[in-house]
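Visitor: Sequence:
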Amino acid sequence: MPGHYLQNAFNLPHPIIQAPMAGGPTTPELVAAVTNAGGLGTLAASFLNPEQMVAAATAIRALTSGPFAINLFILPEPIVDVHVAEQGLADLQATYQALGCPLQLPKKWAERFLPQFEALLEIKPAAASFTFGILTKAQMLALKAADIAIIGTATTVAEARAWAEIGADAVCVQGFEAGGHRGTFINDIDDSLVGLMALVPACVDAVTIPVIAAGGIMDGRGIVAAQALGAAAVQLGTAFLSCPEAALPQPYLTALNAASGDQTRLTRLFSGKHARGIVNGFMQDHRHAEAAVPAYPIQNALTGPLRAAAKAKGDPNYLSLWAGQGVGLSRRLGAAQLVAQLVREAQMVRDKLLG
Numbered sequence: 000m001p002g003h004y005l006q007n008a009f010n011l012p013h014p015i016i017q018a019p020m021a022g023g024p025t026t027p028e029l030v031a032a033v034t035n036a037g038g039l040g041t042l043a044a045s046f047l048n049p050e051q052m053v054a055a056a057t058a059i060r061a062l063t064s065g066p067f068a069i070n071l072f073i074l075p076e077p078i079v080d081v082h083v084a085e086q087g088l089a090d091l092q093a094t095y096q097a098l099g100c101p102l103q104l105p106k107k108w109a110e111r112f113l114p115q116f117e118a119l120l121e122i123k124p125a126a127a128s129f130t131f132g133i134l135t136k137a138q139m140l141a142l143k144a145a146d147i148a149i150i151g152t153a154t155t156v157a158e159a160r161a162w163a164e165i166g167a168d169a170v171c172v173q174g175f176e177a178g179g180h181r182g183t184f185i186n187d188i189d190d191s192l193v194g195l196m197a198l199v200p201a202c203v204d205a206v207t208i209p210v211i212a213a214g215g216i217m218d219g220r221g222i223v224a225a226q227a228l229g230a231a232a233v234q235l236g237t238a239f240l241s242c243p244e245a246a247l248p249q250p251y252l253t254a255l256n257a258a259s260g261d262q263t264r265l266t267r268l269f270s271g272k273h274a275r276g277i278v279n280g281f282m283q284d285h286r287h288a289e290a291a292v293p294a295y296p297i298q299n300a301l302t303g304p305l306r307a308a309a310k311a312k313g314d315p316n317y318l319s320l321w322a323g324q325g326v327g328l329s330r331r332l333g334a335a336q337l338v339a340q341l342v343r344e345a346q347m348v349r350d351k352l353l354g
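Just so it is clear: in the sequence shown, position 27 is 26 by numbering that gives the first Met the number 0, and no numbers are missing.
Since the hints were derived computationally from the structure, they do not count as laboratory data.
Note that the structure is a prediction, hence the values are computed from the model and not measured.
Incorrect hints may appear among the rest.
Stated by the list, open to error - Below 25 Å or equal to it, Euclidean Cα-Cα: the simulated DSS-like pairs (lysine-lysine) are: (1) K143 - K123; (2) K107 - K310; (3) K123 - K136; (4) K312 - K107; (5) K310 - K106.
Said to hold, decoys possible - Quick list of simulated restraints, FRET-style, between CB atoms: (6) A290 - N10: 42 to 52 Å; (7) Q249 - M139: 38 to 48 Å; (8) L265 - V81: 24 to 34 Å; (9) Q51 - L352: 38 to 48 Å; (10) E76 - E50: 12 to 22 Å; (11) L352 - E85: 55 to 65 Å; (12) V79 - E289: 14 to 24 Å; (13) Q96 - A145: 44 to 54 Å; (14) N10 - P75: 29 to 39 Å; (15) N48 - A227: 33 to 43 Å.
A virtual CB, placed ideally from N, CA and C, is assigned to each residue, including glycine.
Kindly produce the complete structure, drawing on both the sequences and the hints.
Guide: See the structure below:
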């Protein structure tokens with residue numbers, strides 16, 4: 000029943016959601032292609048200002064008349080301790096010099112959530128998903144008044160319950176396997192590293208709203224497994240990174256296609272928040288400094304010039320190569336082809352199980 004709710008609410012032929020992946024991969028072309036193929040495309044808007052959000056949504060709507068979602072990070076107004084930022088910059092001095100970046104503090108630390116939220120209300124996507132926190136009652140009411148479905152992110156049962164209690168329409172539960180940033184906002188990070196196989200049924204039993212499974216799902220087998228555990232839908236990120244529509248830098252794409260799941264790990268080094276990515280030179284060289292790096296958004300802003308320079312040079316060692324533990328199952332298909340293949344595979348698995 001929950002699965003039918005999600006599919007009916009968004010008029011989705013398939014309960015497949017393309018995950019928000021901040022930093023570039025969720026191009027209008029990718030979002031629209033997934034939606035046009037019968038899934039739900041998602042624009043990761045956390046690093047966009049309101050004007051960029053509106054422009055991206057306009058571009059998506061030029062490519063599809065179907066539903067899509069927008070994802071935002073729920074973050075407090077950035078209050079930056081300059082001394083902490085200066086120490087963080089000093090710790091990166093050698094890396095800045097190696098990449099030819101001017102050693103200076105950034106002029107902007109992060110986009111502000113409240114103006115982004117107002118832009119979201121103006122855009123009125125079919126759904127909005129949120130990571131790193133939970134909305135206020137007033138924000139929930141504003142979204143409901145705009146007829147925007149609300150999807151929370153949870154890494155534990157407590158977080159799933161928090162979203163259900165505040166009135167979310169669905170909750171995306173993120174297993175330890177997931178690539179990119181951990182959505183933890185209640186529990187300590189060490190207490191939120193729950194695998195998807197354990198997390199999905201626990202959350203399904205704990206809440207009455209639909210549960211969306213995310214983390215390590217790459218093919219039809221993962222989809223059917225998640226549904227067997229009670230998930231109403233699945234959310235895939237790493238699987239869509241290899242799609243041409245994601246327009247990854249070539250070094251990222253090369254690393255993605257060569258990696259296996261045991262070559263990923265959680266790190267704070269790039270952003271100051273825990274995120275899973277393919278291990279590269281920066282992660283190896285600075286591993287000793289994991290605990291000491293400034294919190295988000297300081298570290299994310301400090302490494303921004305390094306990542307930009309590495310992208311320009313084609314050097315994967317200083318890129319944040321976000322990917323989940325299922326990365327070894329990546330395949331180079333167009334987004335529409337991938338959705339169709341996932342649907343076929345899932346049906347084949349069901350047929351096999353039924354004998």
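Visitor: If a hint holds in the structure, say so; if it does not, say that too.
Guide: Hints, one by one, checked against the model:
1. Distance restraint check for K143 and K123: the Cα-Cα separation of roughly 11 Å lies within the 25 Å cut-off, and the hinted pair is therefore satisfied.
2. Of the pairs offered as hints, the one joining K107 and K310 holds, with about 20 Å between alpha carbons and a cut-off of 25 Å not exceeded.
3. At roughly 18 Å between alpha-carbon atoms, K123 and K136 fall within 25 Å of each other, so this suggested pair holds.
4. For the suggested pair K312 and K107, the alpha carbons sit about 24 Å apart, so the restraint of at most 25 Å is met.
5. For the proposed pair K310 and K106, the alpha carbon gap of about 21 Å is at most 25 Å, so the pair holds.
6. Under the hint 42 to 52 Å, the C-beta atoms of A290 and N10, about 47 Å apart, fit the expected range.
7. Judged by the Cβ atoms, the range 38 to 48 Å given for Q249 and M139 holds: they are separated by roughly 42 Å.
8. At about 28 Å, the beta-carbon gap between L265 and V81 stays in the expected band of 24 to 34 Å.
9. Between Q51 and L352 the beta carbon distance is about 45 Å. The supplied range of 38 to 48 Å therefore holds.
10. At about 19 Å, the CB distance of E76 to E50 agrees with the hint of 12 to 22 Å.
11. Checked against the hint of 55 to 65 Å, the C-beta distance between L352 and E85 comes to roughly 58 Å, which is consistent with it.
12. Look at V79 against E289: about 21 Å separates their beta carbons, and that is inside 14 to 24 Å.
13. Under the hint 44 to 54 Å, the C-beta atoms of Q96 and A145, about 48 Å apart, fit the expected range.
14. Taking the beta carbon of each, N10 and P75 are about 35 Å apart, inside 29 to 39 Å as hinted.
15. A hinted range of 33 to 43 Å for the beta carbons of N48 and A227 is consistent with their spacing of about 42 Å.
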